[in-house]
Structures are given as C-alpha cells and as structure tokens.
Amino acid sequence: MDCEATKSQCCCGEETDQQKYDKIAEIIDQYKNREGSLIQVLHMAQTVYGYLPMELLKFIAKRMDIPLSEVSGVSTFYPVFSMQPRGKHTIKVCMGTACYVRGGKKLVDRLENMLGIQVGETSEDRKYSLEVVRCLGACGLAPAMMIDETIYKQVNPDKLNSILAKY
Amino acid sequence: MINLSINNKLVSVPEGSTILEAAKHNKIDIPNLCNLDGVHKFGSCRLCVVEVEGDKNLQASCMVQVRDGMVVHTNTDKVRKVRKNLFELMLSNHRQDCLKCQRSLSCELQNMGKRLGVTEARYTGQTSGGIVDISPAISRDMAKCILCRRCITACNDIQKVGILNAQNSGFKTVVGTALDLPINTVNCTFCGQCVAVCPVGALKETDAIQNVWGAISDKCKRVVVQIDPAVRVAIGEEFGYEPGTQVTGQLIAGLREIGFDVVFDTNFAADLTVIEASSEFLTRMKYSLEDMEARLPLMSSCSPAWIKYVEHTYPEKLDHLSTCKSPHTMLGALAKSYYAEKLKVEPKNMAVVSIMPCTAKKFEISRPEMTNNGLPNVDAVLTTREIARMMQEAGVDLRKVGKSQFDQPFELSSGAAELFGLSGGVMEATLRTVHEMVTGRELAIDKLQAAPLEECDQVKDVELRFDNPLEAYQYMAGITIKVAVASGLRGAEFLMDQITKQESPYSFIEVMGCPGGCISGGGQPRPATSETLQKRLQAIYQEDEVKLFRKAHQNEGVTKLYKEFLKEPNGQKAQDLLHTQYTKRGKFNEYLCD
Ligand code: SF4
Ligand code: SF4
Ligand code: SF4
Ligand code: FES
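Just so you know, the sequences run in chain order A and B.
Oh and the first sequence: position 37 is 37 in the numbering used here, straight run, nothing missing.
Oh and the second sequence: position 37 is 1037 in the numbering used here, straight run, nothing missing.
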C-alpha cells in the first residue's frame, strides 16, 4: 500500500478516513429516503468508522438533510451508539450488589487510574474502553470483570497489571 | 357525530375528537399541561388522565379519541390521586425557585399545582441535567424543563429548523441542542418560537432590563426609545386589556413615566424602509429587464430570524436579500446621526432602546454590521414582555397613565407601516409605493388576499401587472410580476428551494421568521392562542384603515429627512446608514471559522 499521502492515511492496511467517509456516503445515498433510515445509517456508519464522532454526525446530518439535533438525539438515545472511539478491547467491571460490596468499586478506581480515563471512555492509545455493568452473573466469585469475552473472577486489584499485560 | 357520556352528561361531538376536546367543547375542564391546542399533542405529562369505563388503565384524554357509547369520568378519587402524584413527581426534579423565577404568576406549571390542589411535595430528587445556556437572545434553564416537548414541535414541525430535540434516554433525557452545544454556536435563528410556547421558566429571552435601567439612571445619557407596531396591539394583555386593544398612547405615556427621555415611532423607519426597498427593487427589475446582472427575486430583510436562517442554510444566496437594515436599526442609526446633530448631542452620550415583539432582534443588534462610526445603532432590545415587567417593577400601570404622543422628528407614520407587524405587510406596504411610483396611480388591491399554496400552507402569492407607466419607468410597461409571502421558516424553505433549483417564478419575496409575522413573535405575551393572534391582527388592520395617510411615500417626515439629510433613496448617505451586508455562516457555522 502506498504510504506517502495525507496525514489521516496510515500504513497498516486500514482504510483512510476519506475511504470510510466515501463508504458512509454510499450507504446514506442508498438509504436516504426510506422511512426510519437514520438508525440503520448510524449503525452502518458506526461499523465502518468504529464510533460516531461529532464530525461524522454532521456529515450524516448534512447528507441526509436531517437536523443535527435529531441525529445526535437518536445516537444518544440508543446505548449501542458510541460517540467516543472504542478501544480494541472492552473492559466491563461488574457493579452488581455483591461485586460492589466486595471491591468492584475499587477495581473501577484502579482501572481509571491505570488507564487515565473515566468509565465510558477509551484510553488514549485506543486499546481499552472501560465500562461498568449491572451483573455478570458471577456473584459467588465477586468482584468480577470481563475483558471482551473472558470473565475474570475474584479479581485482586493488584493483579490488574498482569491481567492487562495479556492484551 | 359520536355520542358519549362525560361525567354522566350525554354529549355529542365530531368523529376524531379527543376526549379532552370533547370535554372542552362541553365546558368540562380537564387539567392538561403538555398539550397545546392546535399546535402540539404528545402525551408526555399525563396530567389529563381520565377514567374510561371498561378500560383497566387511566387514559390520557388528550391522546385518546372518542368512541360511540364511551363512558368517561374526569373527576374521580382515583383520577385526582394519580394527577397529584404525577405532579409531585414532576416537581421532584424541578428547580423550584418560583420566588425569583421570571415566569412566576404566568407559569403553567405553577397554575397547575393550584388547579390540582397540590399542597405538599413528597418526593425529592436530583434534577436530570440542569444546564443553563445563555445566548445574546435566548436563555435556557433546563432544570425547569418539564419535557412537554412543545418547543420541539415549534422548532421542528412549525419552523423546520430543528435546533431542539430530545437528547439521551430515560432519566437522562433532556431537550436540547445537538450534543449540548451552546445555542449561540449552532444554527438557531433566535426566532423564539420555542420560547413562545414554553409553559414554564425553562426558555426565556435573555434579560436586557438591567442594562436599560442602567442607561436610564445615567445622568449623562439621553435615552431614546422606539416602539414596534406589533407591540402596541399586544402589550395591553399584560395589563388586563382585551387582546387586540391598541394602547399606543398609553404605552408612550408609560415609557416617559419610567424615565425614557424621547419616544420615537419605529413605524417612521418602516416608511423609510419602504422607500429604500422600493427603489432597490425597481433598480434590480430594470437591470434584469435590460439583461444586466441583477439578483431576483429580491428578498425582504426586516426579520432578523429570517436573515440568520438564510446565512446558515443558504449562504450562497445572500445577494438576494435586500440590503436594507431592519426598521429599528435604521431608526437607531438616524437617531445617532441626524437627530444627534439637530440636538447637538454627542452620539456616544445617547442610548437607543428598541421595544420589540422579537427575540432575534436582541441578537441582531450585537452584529458588527449594525454599527456606524464605532457605535451600535441600537444599544438594547426589550421584548414586549420585558417592558411590561419594567413598568410593573416601577409601579406604572398602563390603565392609569393616560396617553401621550411620539416625539419629533420621528413621529409620523403611514398605515402601510403598521402592516409591518403582520405576515404580508411588508409586501403590501412596498407594492402600494412601487405601484404608485411606477404608474402614478394608486394600487387597486388591498390586503393582498390570497389563499395559501397547496404545496405549502405557509406561502401565498399574487400577481401584479404594470400598465401605462410614467416616463421614467417605461421598462415596466406591460410587465407582470409575481410576488410571494412566507409566514414562518418552513415556508421560507419552500421558497428558497425554488431559488436554489433556479425555478423561482417570483420577483419579490417577503419572509417573516415567525408564523403570522411579528404579532406572534417570540417576545410577545404568553400564551398566545389563535383567538388572541386573530385579535392582534384585526387591531393592526384597523390601525392601517384609520391612519391619516396609508402609503409610505406620503410620510412628510420622511420627505423632509431626504431633503435635509439623506438626499436620495439608495444614495451615499443612505447606503452608509440604512443599508448593510450579511455574513456567510453555514449550517454548522463552517464558514465562520477559517
Ligand atoms: S418555572 Fe414555574 S414552577 Fe418552576 S420555578 Fe418558575 S414559576 Fe416556579
Ligand atoms: S429560537 Fe427558533 S430556531 Fe432557535 S431553537 Fe427556538 S424555535 Fe428553534
Ligand atoms: S424547554 Fe419548555 S417547551 Fe421545551 S420541553 Fe422543556 S418545558 Fe417544554
Ligand atoms: S396534556 Fe395530555 S398528556 Fe399532557
């Protein structure tokens, strides 16, 4: 792949921003005048782009001729949409009653510190997104957390470093 | 017709009516809060619940249509309990500071509490997201929002601008701009139609009262005030007059009473606008008929919400706009030049205050284009509601102040100028003058009677033919022009799309940012029902009919002003003081930041 080019272009074989926007434009043009198409467009745009930054919402609003406040209204209504970039891995810490009581909150504090982000955000290197969840169904072995599809039980905050090192 | 029983009374109402409408029609009062007759129906507050026999759950009467044989009870124990409960829940996340809330005593939520007999608030809770957002024109205090969504209907369905919408979900739901951007940084037109329908203190005009009191108490300042035509037929409502009572004389007297030094008539400048715009229109017609470069249709420029709308939405079409400033900024510019010279007052020792039915004019005066010699043309804009509050604060009652008259040299005005307060008025006023300039004969039509277009109910159009013109206007001989009027921004979009597609059949377009024109401006007394608006409209037509003269060019004050000062319409001095240019903004203000 040709590497000298615009700033947004990268050499790792990923699409450039421009290519992603072109793709999204195509999707919009295909769905534009259908009833309720905004949700579908947002879904596909998020798949293409990874998340829905402000600039992308504006792009969609303009191209679909829908007010920006409506586009942002729909994207903040459904939890599946994220306006923050998503990390490569998602960490979900359980905040169910059992986990909360047995140190879930401490896990969150520690992770926030380690990653330099708050719950709901993504680390600067885009490696991790941090979330909390109601219950992972592992109450007997609290506190629990999940990274992508793997559940970690009875997590000791001091072991977090070595857990994250696996990713 | 549908027959049903409400509170054991047999009633008969047209099919398709809601229970609420059926009750109202039969003088049965069901409390309702989010509903706004003829404007907004969403069913969010549920205070209008009633019992329908056979239905397990209570029904929101504003949303449910009547059925034959329905048996409805509006006032049972259960209904009263549920309503109170709902109301108390509403209070639990409301910033309850009635004692210092601008809306107190005219607040629909406050009235509802009284209406429901609520005497306690058993729930306490957090407010859901109390952002306070202050722009030059509109202020939002979302801790007072009751999520009735009336503003969403006004902004999206009536105006089709789409600045406000529900954001987030569940408990975090707020009504706001995209991603909570400050309203001053998005493409809001400041038309204030959202403010006009808000039932509580969540949306309001940004206060100018303190500044104006400051100017009044400054001994070195000569404080000039001017009044817009739509204010005088509405402000009476704030003092207990019947809607549509015209109280110009009382208002002038009241303004003197609270300390303004000079009171001018914005209508004088409306007449001046007609002369300037007519001359601009005929020049563009001439150029276009002689195949020279000319932007047609010419678009009116009196409504600052409409101006901002064009700047955001159609930044490539700004050269269609008339370069005339709005009448009150023209008058401000003249007060600080012509009048100041006459009086030998330093313009910097003057303050010009405009009393307007409008929120957008608060923004307009902050534009850098609205200055001359480094001074703003107008220093403060007060809405109709604000001036009423100032008078109340000063203990001045319009019913008791007697009457007074406007001051020279800006005291005279035509019937045509009164029409500036109504949709279609600027068009009619201008055509009266254009026709007479061109043909030397009076325009035969009156009140531009036309039905709304089938394609868009906010637009009307008419044709006008020019026969046997005077010598100087031979180029208009046998020409038929088509003109259109848009009442509200949804109509404006319709006309602008025609222009963008180069399909506009019109030579002249009038747009007022508010549906109906300034009588329903965002700064007018609330709530403005359709009956109230109708009465304000009639009052303006009446004024036009009883005026000593009805055409702008008959205004002797204006003639004198040209002779002594401006010299000629669209001349150098007029260009400097009375005309302006516009700013490309873009929907996301993308043209502003480079
Ligand atoms: S909005 Fe109404 S209820 Fe709320 S503080 Fe103001 S007056 Fe009181
Ligand atoms: S002022 Fe007008 S454009 Fe702005 S949010 Fe309110 S209704 Fe919409
Ligand atoms: S801001 Fe006013 S009109 Fe809009 S939803 Fe809230 S209470 Fe209703
Ligand atoms: S008035 Fe019926 S739900 Fe609000």
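Hints listed in this document are in silico derivations from the structure and should not be mistaken for laboratory results.
Among the hints, erroneous ones may be present.
Quick list of in silico lysine-lysine cross-link-like pairs, DSS-like style, CA-CA up to 30 Å [said to hold, decoys possible]:
1. 1584(B) x 32(A)
2. 92(A) x 1172(B)
3. 127(A) x 1172(B)
4. 58(A) x 1348(B)
5. 1172(B) x 88(A)
6. 1041(B) x 62(A)
7. 1501(B) x 62(A)
8. 1160(B) x 23(A)
9. 1160(B) x 105(A)
Outcome of the hint check:
no.: 1; hint: 1584(B) x 32(A); result: holds, 27 Å
no.: 2; hint: 92(A) x 1172(B); result: holds, 22 Å
no.: 3; hint: 127(A) x 1172(B); result: holds, 28 Å
no.: 4; hint: 58(A) x 1348(B); result: violated, 44 Å
no.: 5; hint: 1172(B) x 88(A); result: holds, 28 Å
no.: 6; hint: 1041(B) x 62(A); result: holds, 28 Å
no.: 7; hint: 1501(B) x 62(A); result: holds, 18 Å
no.: 8; hint: 1160(B) x 23(A); result: holds, 29 Å
no.: 9; hint: 1160(B) x 105(A); result: violated, 46 Å
Hints 4, 9 from the earlier list are contradicted by this structure; the remaining hints agree with it.
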